[in-house]
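Those protein sequences? They're chains A and B, same order as listed. Heads up: the first sequence begins at 21 in my numbering, then just goes up one per residue. Heads up: the second sequence begins at 21 in my numbering, then just goes up one per residue.
It is worth saying that the hints were derived from the structure and are not from the lab. Treat the hints with care, since some could be wrong.
Note that identical chains are pooled: a pair holds if it fits in a single copy or bridges any two copies.
Unchecked claim - With a cut-off of at most 20 angstroms between alpha-carbon atoms, the simulated PhoX-like pairs for lysine-lysine come out as follows:
1) K157 x K136
2) K136 x K25
3) K105 x K25
4) K136 x K79
5) K157 x K25
6) K105 x K136
7) K105 x K79
All values reported here derive from a predicted model rather than from experimental measurement.
Here are the chains, one letter per residue:
2 protein chains.
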Amino acid sequence: MIYPKAILFDTFGTIVDWRSSLIDELQAFGISRALVANWVSLVDAWRAAYAPSMDRVRKDELPWMRLDDLHRLTLDRLVAEFDVKGLSEEDLDHLNRGWHRLRPWPDSVGGLTRLKRNFIIAPLSNGNVSLLVNLAKYAGLPWDMVFASDLFHHFKPDRETYLGACEFLNLRPEEVMLCAAHNSDLRMARSLGLQTAFIARPTEYGHHQVRDIHADDAWDVVATSVEDLADQLGAGTVV
Amino acid sequence: MIYPKAILFDTFGTIVDWRSSLIDELQAFGISRALVANWVSLVDAWRAAYAPSMDRVRKDELPWMRLDDLHRLTLDRLVAEFDVKGLSEEDLDHLNRGWHRLRPWPDSVGGLTRLKRNFIIAPLSNGNVSLLVNLAKYAGLPWDMVFASDLFHHFKPDRETYLGACEFLNLRPEEVMLCAAHNSDLRMARSLGLQTAFIARPTEYGHHQVRDIHADDAWDVVATSVEDLADQLGAGTVV
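Please model the entire structure based on the sequences and the hints provided.
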């Protein structure tokens, strides 16, 4: 294996635990407002609408918009479906920005901090710049650069995102590694010539998760955590 | 004064000392190859070609290209003019990448580290992404995001750069401050509604510098260093 010069990270699920963070946030909000709702199902429905909403942009059923705005379209629909009443515009904006306040997995910050010493590290995410920058500050993610979908006006798995990040870094695809908890993301990256690293996140979708429990191809690296990825890539400890 | 949410920094001259860094690099290279040349004048001529070369892109005399490529066009011309002989393609590429290895001013890293606690901090530079990312790693600049000219396909002082960065951050211009050592950069930023901070860098162009010695307008902040800017914006010390 040739060492990459840059490692790009899928972010939602791979670096941050969106599900438990949003559930905690919505449950706390519900308690503070004495609002009863099935917040867990609402969060799962919110995420389930993620790929279909990006597909609507891809098919030109919706104009280009930030992921923040797609999240908001979905949230507006879900609060009606889940019969959550009495939310102001300010409340909805606050809840939608819950995606800017997600907890990192316990190994993410330590592993990234080690990798940053030897490699360029950056998210390659469907989030927009402002979401990802706010999230990095909230979670303490020490990125060297932020590759967001609004830089490309494309969402993953469109090839423009993977190849666009390589182009901005002035690196060949084989000099760049994508790290993701999702086999499909890695498949597209490999088809374009990038190196690949899988990190299992078997509770990303909760304890009954069935997808992406294991690497389903011989990725260049298969790791259990970002710390493990740093170990396997020979990144030292931070002194 | 209303506190900004983000501070954008001009980079060459404001954050890093390009002139003394490049002179040291070229002089050391000359000694290692036993090449005699007026390296100081070559560096000054290299920088003097900076604005005119971007103007050629602006006027469509040249296609869009990275600042790295504009630097290289100029370097190829100057090695001939300064009669520097025997450089290989590898040598020229190495020297051109000297712009990726510039020293920060002594107050830059400390000041930025303090400001990062309270504000989003990012360069807003005519450099390209790869240049600015490599430079940040070399100099230890703790950016939250990197706003490079190749994100916009425009160079400063085109309005698309200042307003494009605000748009990516999802902030209004008045929520964003530009910090620069160059009055002209601040004039454009102010005309577009951004807040402004001047930092004097009276030796950027050497000890006989005549321009930008002083703030020539009532900028929102006038500071002597990035540390002083952090003081004036109430950023605490780093523990």
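Checked hints:
{"no.": "1", "hint": "K157 x K136", "verdict": "both (16 angstroms within a copy, 9 angstroms between copies)"}
{"no.": "2", "hint": "K136 x K25", "verdict": "within (11 angstroms within a copy, 26 angstroms between copies)"}
{"no.": "3", "hint": "K105 x K25", "verdict": "neither (50 angstroms within a copy, 32 angstroms between copies)"}
{"no.": "4", "hint": "K136 x K79", "verdict": "neither (37 angstroms within a copy, 39 angstroms between copies)"}
{"no.": "5", "hint": "K157 x K25", "verdict": "between (24 angstroms within a copy, 13 angstroms between copies)"}
{"no.": "6", "hint": "K105 x K136", "verdict": "neither (45 angstroms within a copy, 38 angstroms between copies)"}
{"no.": "7", "hint": "K105 x K79", "verdict": "neither (32 angstroms within a copy, 56 angstroms between copies)"}
The earlier numbered hints that this structure contradicts are 3, 4, 6, 7.
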